[in-house]
Structure formats: structure tokens, C-alpha cells
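Participant: One-letter residues, chain by chain:
Protein chains: 2
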Amino acid sequence: MAKITKVSPLAPAAFPDLPVIDGVRFATVAAGVRYQGRTDVMLAVLDPGTAVAGVFTRSATRAAPVLDCQDKIGGPSDGPAAILVNSGNANAFTGQYGRASVEQITAAVAQATGVAQNRVFTSSTGVIGEPLPHDRIVARLDELTAGLRADALEQAARAIMTTDTFPKGASARVEIDGKTVSVAGIAKGSGMIAPDMATMLVYIFTDAKIDQSALQRMLAEQTDRTFNCITVDSDTSTSDSLLLCATGASGVEVTGNADFARALESVMLDLAHQVVKDGEGATKFVEIRVTGAASDADAKVHGMAIANSPLVKTAIAGEDPNWGRVVMAIGKSGAAADRDKLSIRFGDILVAEKGWVSPTYREEDAAAYMKGQELVIAVDLGLGEGKATVWTCDLTHGYIEINADYRS
Amino acid sequence: MAKITKVSPLAPAAFPDLPVIDGVRFATVAAGVRYQGRTDVMLAVLDPGTAVAGVFTRSATRAAPVLDCQDKIGGPSDGPAAILVNSGNANAFTGQYGRASVEQITAAVAQATGVAQNRVFTSSTGVIGEPLPHDRIVARLDELTAGLRADALEQAARAIMTTDTFPKGASARVEIDGKTVSVAGIAKGSGMIAPDMATMLVYIFTDAKIDQSALQRMLAEQTDRTFNCITVDSDTSTSDSLLLCATGASGVEVTGNADFARALESVMLDLAHQVVKDGEGATKFVEIRVTGAASDADAKVHGMAIANSPLVKTAIAGEDPNWGRVVMAIGKSGAAADRDKLSIRFGDILVAEKGWVSPTYREEDAAAYMKGQELVIAVDLGLGEGKATVWTCDLTHGYIEINADYRS
Chain W
1 MAKITKVSPL
11 APAAFPDLPV
21 IDGVRFATVA
31 AGVRYQGRTD
41 VMLAVLDPGT
51 AVAGVFTRSA
61 TRAAPVLDCQ
71 DKIGGPSDGP
81 AAILVNSGNA
91 NAFTGQYGRA
101 SVEQITAAVA
111 QATGVAQNRV
121 FTSSTGVIGE
131 PLPHDRIVAR
141 LDELTAGLRA
151 DALEQAARAI
161 MTTDTFPKGA
171 SARVEIDGKT
181 VSVAGIAKGS
191 GMIAPDMATM
201 LVYIFTDAKI
211 DQSALQRMLA
221 EQTDRTFNCI
231 TVDSDTSTSD
241 SLLLCATGAS
251 GVEVTGNADF
261 ARALESVMLD
271 LAHQVVKDGE
281 GATKFVEIRV
291 TGAASDADAK
301 VHGMAIANSP
311 LVKTAIAGED
321 PNWGRVVMAI
331 GKSGAAADRD
341 KLSIRFGDIL
351 VAEKGWVSPT
361 YREEDAAAYM
371 KGQELVIAVD
381 LGLGEGKATV
391 WTCDLTHGYI
401 EINADYRS
Chain H
1 MAKITKVSPL
11 APAAFPDLPV
21 IDGVRFATVA
31 AGVRYQGRTD
41 VMLAVLDPGT
51 AVAGVFTRSA
61 TRAAPVLDCQ
71 DKIGGPSDGP
81 AAILVNSGNA
91 NAFTGQYGRA
101 SVEQITAAVA
111 QATGVAQNRV
121 FTSSTGVIGE
131 PLPHDRIVAR
141 LDELTAGLRA
151 DALEQAARAI
161 MTTDTFPKGA
171 SARVEIDGKT
181 VSVAGIAKGS
191 GMIAPDMATM
201 LVYIFTDAKI
211 DQSALQRMLA
221 EQTDRTFNCI
231 TVDSDTSTSD
241 SLLLCATGAS
251 GVEVTGNADF
261 ARALESVMLD
271 LAHQVVKDGE
281 GATKFVEIRV
291 TGAASDADAK
301 VHGMAIANSP
311 LVKTAIAGED
321 PNWGRVVMAI
331 GKSGAAADRD
341 KLSIRFGDIL
351 VAEKGWVSPT
361 YREEDAAAYM
371 KGQELVIAVD
381 LGLGEGKATV
391 WTCDLTHGYI
401 EINADYRS
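Chains W and H, in that order, give the protein sequences.
Residues in the first sequence are numbered from 1 upward in steps of one, following the working numbering.
Residues in the second sequence are numbered from 1 upward in steps of one, following the working numbering.
Simulated from the structure, these hints should not be mistaken for laboratory data.
Treat the hints with care, since some could be wrong.
Since the list gives no way to pick out one identical chain from another, each pair is judged satisfied if it fits inside one copy or across any two copies.
[What the hints assert, rightly or not] Only pairs whose alpha carbons sit at most 30 Å apart, straight line, appear in this in silico DSS-like list of lysine-lysine: (1) Lys354 / Lys341; (2) Lys72 / Lys341; (3) Lys354 / Lys72; (4) Lys179 / Lys341; (5) Lys371 / Lys354.
All figures in this text were calculated on a predicted structure; none of them were measured in a lab.
Can you make the complete structure from the sequences, with help from the hints?
Facilitator: Set out below in C-alpha cells:
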């Protein structure tokens, strides 16, 4: 595996201070699954009554832990729950052996923690197609269980990293009926990012009180506006998993509460943006705002066509205001567009309108704008009310360097 | 525009000897549309009775010359016909001005050659969004008309190049009823290649006799198996055009003739492969054979998902037999797949089967295979009889270099 030593230029200055979420404790260990000299397994144990919701990759070649999680989501919520995650090996495309590894790990976690096996959720991330050395994980479970602490979410964020150049965390607090409800989450992901759900691992915890089916509905809706609106390279992982756990420890019921929904969305969006900012080789963070489309669905198709276009992404890497490539991407997307009704803006600069370059456009203004680290490309299709915003990064030599010898 | 000085390592040793096609003559000139010191306009004039068939980009932001050609294809075929092509400027997204340029050029060609304006077809290729200096072309039409020659197809191939690193030509001869029918074609294209028809400019000439509607049907069918099965970067041009002209000079009627269809397909496939071999930054030519899919359409979806995956393409660039990324691409494609029925071969090497790496697989064999310049990745889905073959190239630093400052 390639050593990635440089931190993304788009990384936040520091890992954020995350609130402690009552009802969940964490532990990490260096089990040597693949990496040496760093933590690579994290265990979270959740108090009885925690509702666990999840969304997962739609890949037809999903990994064994994903299939196991999908079976378990929506089951009884009374007892405690546990999440075990390893990095370094995805346990994907490993046939019968992969299923056996999940069985071994979940049984051992159940025994070590007292959690029922059908409430033990696992994820694995890393290389595809190699057998997961699950014995190395099982051997450390007693140590993990003994080390569980409420304030170890940052350590958990570090243990699940693969090619990530920084750990990713985000949180929000919301006052409801005079009481504070907290949400805190962590994520990993930097390549194979084109969510057809959420192309990465994400774990979000809250002390809100909400039943599982309401939590699941809220999660699905928010995922469509957050993790499903980012792309690094248009490639969808076999392992993407997002688990959202509500311990209920605050005693505050949040079903249907709009303030809580907004707080959750802000945490999800923050984590999603951090994944893009750690996109392999990324040097620019790009927001693509599409308005005036025939429908919201069309707007997203256009946005993703722009965000995934190698020609657009390389132009951004080269700080070239090559709006012709934006026109090209809209044209190829397959969604409704009328060349002569389009307008395109880079930041506040009106670049093109009415089928041609704007009379007010000056290339030097756009070239100066493109030197920024965070860019907005806005497209109005002039057709209707449909809108969508998606986020991506540029395509640089760094992406080629990282991926031309990831396994070597 | 970036200076591309190195010829693709996948280029053929030399431009092929192309047969003279009776009934068509060519001329080229250096009009200084954008480039200096090289030819950039080609004119072809076709004898009366020539049938002209065409297929064009399906982009919603098609260029003005494409829209004009589409209007004209299928009209009366009795008189002579003409094709004028310029490189350096695509006359795309140029609004009313773009339409006016096409009108000016086609009117001037009609006057200089005596061809009816509704039989004058034009294409433009190069930068998007800048006005085409059509006066520079119009000023040279008399010179072009005076210089028409039957044996100048190679010069025509050179005049239409943009970022191409070599001119592309191919031909075939077929004996029908004791007479020889010839087919010869030229193409340009190396980036913005993901045909939603044929993402490039292609001109094919034959002395076969066939009526326009039969020629158009044959062309549409062959395009689906040739140019629509290649991709360099998943980006679809606003200008793609393929014109197929049958002069009838051989006197041999070919409607419904399978030998002629095969000859035409061989020329189209050869040109399509040359476009991939000149893919921006390409160092490997990759054939992806998909079999056992639920349908031919599903097979093509899987093939294109593999061919367009940046992670697969960078692994190939790095000579890394990273078959896990092939599994990922199949999983994300959206077409039917069953992880445990898949098999994957690199050349003759069985890599994976039954949901896991094959017991006979040795990484060193596959690593040695990946060092080759022409690679075959074969996927059998184990579901049905659907099959498709598509062609692509690797994704290298060269692609980033070429596209991060194409306009600068």
C-alpha cells in the first residue's frame, strides 16, 4: 500500500472538539490487520435501548460485513449494541471465507461484550479480495472491551483511516424543550468515492431519543442531500456503510423535530465535505450549484456530470476557467438542457449566457478566481425550478500517484 | 493550447497506404484558424450521385456545424457533395454567431465548387466557445478548389488533427461479383472521447453503389459495435461527426451485401482503435470482453463501467493487476451481477471465480502480464448470453498534463 505522508491542503487546521455522547463508549487497538505501528480496529458499545439506523452501498458486489449489517438493521432495539470496524482489509470479494470471518468476529464481540450477536455490526475497509485475518482481531477483544471510554471518538476516527490524510469528525448541539441534545460523528474515505449511497464509512452518535423506524427514515432522507451529493472519482466502493446510533440518554424525544433534523444534517454535510477535502490528490474543493433544471433529479444528473467529468476536474486542477468543458458535461449528461438558455457562473463572475460567452466576461477575472482553494460553479438551465448542489474536488497528478500503485 | 510533441507509444509505425476512392478528391490548406505552421482546413468534393450517411453526437449542447449536418443528411443525393472541415476551433457554444459562420462557409463552398449548399457538410473541431474566424477559411476556398486531388487522403487526415499525436487512416478492399470495392477512412480524436455516438470526427469513403437510406442503416448498426464501444475519458464531445460517403464509382451495388458490411466494419473498428491508441496520455490499449451477462445491453454497461473507472484505469497505468477494482466497477455499474458467479481473466490468466480469487492465481503471473502494451480483461458474469466488447486506454500523468492547461 502506498505511503501517503502529506496531509491534504484542504484539511481542517485541527480535529474538532467533539462532545461526549452519553450511552456510547469506544476503544481502539493496533491489531496488525495489515498496517504496522498504528491503530486499526475500533469497538463501540452502545447502551440498551439504542436505536441503530444504517444506509449502505448499493453495489452489486457488496462486501460480507455490509450484507451482514443490512440483515440486522431494523431488528429489535431493546438490548445493547456494538460496532466493530477494522481498516487495512475490506473483506470484500472473499467468498465463503468472508462470511465466515464476519461470523467469527460478531460471535466473539457478542461473547466479550454481552451484546446479542444480532446487534453486533461490523465494517471492514481496505484492500479487496484478500482474506481478513480475523483471528488478529478476535485475539484483542478482551483488551478492547476493558478499554472502553466515553471520550475516545477521536481515537476511533483515527483507527478507521486507510488512505485518508486526516481524521474526520463533526458535531452539533441543539436545545429542545430546554434540554441539550448532542450529535457527533466520524468518517473515513478519500478514494472510490461516488456514493450510490455513501461511499465510505461513517458513524454518527446522538443521545436523542427516537425509535428506529423514524431514525431510519430521517437518515435516508438526509443521506440523499449530503453523502449522496459528493463525488471524488465516480467509483463506488463495495463497503460503504453509515451507521447512526441514537442512545436516548438525553431523554429528549426528537421524532419529527426539525431542529434535530437540521443538526443531524449539518453533521452529515460537514463529514461529507471533509471526505471530499481528503479526496485522493485533491487541491481544490468545488461546489456545483445547479438551478433552473426541469426537475431536482435532472439538476442532480447535471451536477454529477460536471463533478465527475475528468476534463472539468483537470481544468480546475490547472486553474483554467475552461467553461467550454462545463457546457460539454451538461450536454452529455442525458438530462434536459437547452444550449441557448444556459447560464454559467464561476463564483460571482457571469461566464456564459444565451448560448455564448457573456459580453461582460473577462478571462483574467475568471483566471484569478480559479486560483482560490474553494470554488463555486453555478449553472442555471433556464428551464424550470429543479435544483441540486453537489461537491467534488479536482483531478491531479496526486490521484494518479496514489492509485497507480496502491497495492504495490 | 498545449504543445503535444511526443507521439503516442501505441501509434502505428506509419500511416497506412490508402487506396484511391474513385469519385472523391481532397485538398488541404494552412488557413491559420488557430494553429500556425500546419494545415488546418480540408475540403473533399464528391461526384454527383454520392450517397452521404452520417451519425452525430447526442450531446444536448451540439455545435452549430453538427446541427447543420443533421438537417442535411437524408436529403436528395443526385448532385455532387462537399465536406469542409477545420481544426483549431469547434464553433461550439457560439450562439447566433456560430450559425452565421456555418452559413457563410457553406455558401462560399457552394459558390467555389458548384455544389448545392444543401449538399455542403461542415465540421469544426478545437476550442469551444470562441468565434470561428470563418473569413480565414472563406478566403482560401478558390485555392482549395484548384488543388483538389484524388490521392490526398493522408494530407486530409493531418489537417483535421487537434491534440492527436498521429494521423489516423484505415482501409479495406472487398471483391464482389468479380469487381473490387474499396473503403478508406480517416479520423481524428484523442480526448473528450466517450462516444454517445462517435466522439470525434470520422470521414469514410467508398466507391460502392448503395442508396442513402440503406447506407444510413448500415452505418448506424456498425457505429454501435465500433465507435460507440470506445472510451478514453467518459467525456462526450459537442462536435462528434461521422460521415460515410458512397460515390458508386465502382458500379457495384452493395445493399444488403455482408462482405461489404464486414469490410466497412473493419475500417470503422480500425479507426476507432486508433482513436483509443491516441487517447490523451495513453500508454496501454485495453480490450474489455464481457460475456455471460443477462443481456447485450447489460454487458455493455458493465464493459463501459470498467473502461471508464478511474481506479481501474490508474491501476492499468501502474501495471497493477488490481482485479478488486474490476469487481468494484461491475458492482457499481447498475447492471445485473452476482458476486459469486463472476469470473475475471487478465489475458489467459484466471484471476477470480466463485466470488473470490482463483486457487490457481499467482500474482506474479498477472503482474508480468500487465507489463504488456495491449491487454485483455475478460469478465464472465455467469448469468446469461449477453456479451459486448469495449476498448479503452489507461489513465496516466500524461492525461493530467495535457488537460490541466489545454487552453493556456
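Participant: Please write out, lowest number first, the hints stated earlier that are contradicted by the structure.
Facilitator: Those not satisfied come down to hint 4.
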